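Here is what each chain is made of, one letter per residue.
Number of protein chains: 2
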Amino acid sequence: MDTVTLLGLFAGALTTLSFAPQVVRTWRTRSTDDLSPVMLVTFLAGILLWLGYGLMKEDIAIIAANAVTTILIGLILWVKAGNG
Amino acid sequence: MDTVTLLGLFAGALTTLSFAPQVVRTWRTRSTDDLSPVMLVTFLAGILLWLGYGLMKEDIAIIAANAVTTILIGLILWVKAGNG
Chain A
1 MDTVTLLGLF AGALTTLSFA PQVVRTWRTR STDDLSPVML VTFLAGILLW LGYGLMKEDI
61 AIIAANAVTT ILIGLILWVK AGNG
Chain B
101 MDTVTLLGLF AGALTTLSFA PQVVRTWRTR STDDLSPVML VTFLAGILLW LGYGLMKEDI
161 AIIAANAVTT ILIGLILWVK AGNG
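Note that the protein sequences, when read in sequence, are chains A and B. Under our numbering, think of the first position of the first sequence as 1, with each following residue one higher. Under our numbering, think of the first position of the second sequence as 101, with each following residue one higher.
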């Protein structure tokens, strides 16, 4: 694996990691009142487009980061939907 | 400009846009007590690495999205440092 790809994977690990505490908090507390649904859905739409972009460019770093983030946002939206 | 690049730019617009309300809120209220400094710094480090990744791959969509996000996170950290 080349250096540039490693850089991309490391970048993805950091941006995804910085998001993890929110997921843990939401999963534990099951409280989502302070989370804007418009923000979550806009973010999810963007992440899914990034995933498509990564797949089209066959860019493993973009694919990996956005696949994991899709799952994380999905978990938050799952809890929020349950709170409906 | 090709379709894949347009897709990437649109993806970047959405993920950046979903982050904008937080910046507006922080700038208006000047209150940053609820924002984790570890999360902000980890996220900024990740975004800067993505920017480097985009520059090395000469990927305009990645460069544009992460350049704008760097400025947005920079503004939040600026306010937070002032509160320090």
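Quick caveat, the hints were computed from the structure, so don't treat them as lab data. All values reported here derive from a predicted model rather than from experimental measurement. It is possible that some hints are incorrect.
[As the list claims (entries may be wrong)] For each label pair, taking beta carbons as the anchor points, the in silico distance ranges come out as:
id	chain 1	residue 1	chain 2	residue 2	range
1	A	Ala20	B	Trp178	42 to 48 Å
2	B	Arg125	A	Asp2	25 to 31 Å
3	B	Leu148	A	Asn83	33 to 39 Å
4	A	Gly82	B	Arg128	18 to 24 Å
[Said to hold, decoys possible] Listed below are several chain A residues computed to face chain B (Cβ distance under 7 Å; list not exhaustive):
id	residue
5	Ala45
6	Leu55
7	Met56
Think of the CB as a built atom: it goes at the ideal place given N, C-alpha and C, for glycine as much as any other residue.
Structure-based check of each hint:
Remark: the range hint 42 to 48 Å for A/Ala20 to B/Trp178 is contradicted by a beta-carbon distance near 25 Å. For the pair B/Arg125 and A/Asp2, the supplied restraint of 25 to 31 Å is violated, since their beta-carbon distance comes to about 40 Å. Between B/Leu148 and A/Asn83 the beta carbon distance is about 35 Å. The supplied range of 33 to 39 Å therefore holds. At roughly 32 Å, the beta-carbon separation of A/Gly82 and B/Arg128 lies outside the given 18 to 24 Å, and the hint is violated.
Look at A/Ala45: its Cβ gets to within about 5 Å of chain B, closer than 7 Å, so that hint holds up. With 7 Å as the threshold, the beta carbon of A/Leu55 stays out of range of chain B, its nearest partner Cβ sitting at about 10 Å, so the hint is violated. With a least beta-carbon distance of about 5 Å to chain B, the hint placing A/Met56 at the interface is held under the 7 Å criterion.
The structure is inconsistent with the numbered hints 1, 2, 4, 6, although it conforms to all the rest.
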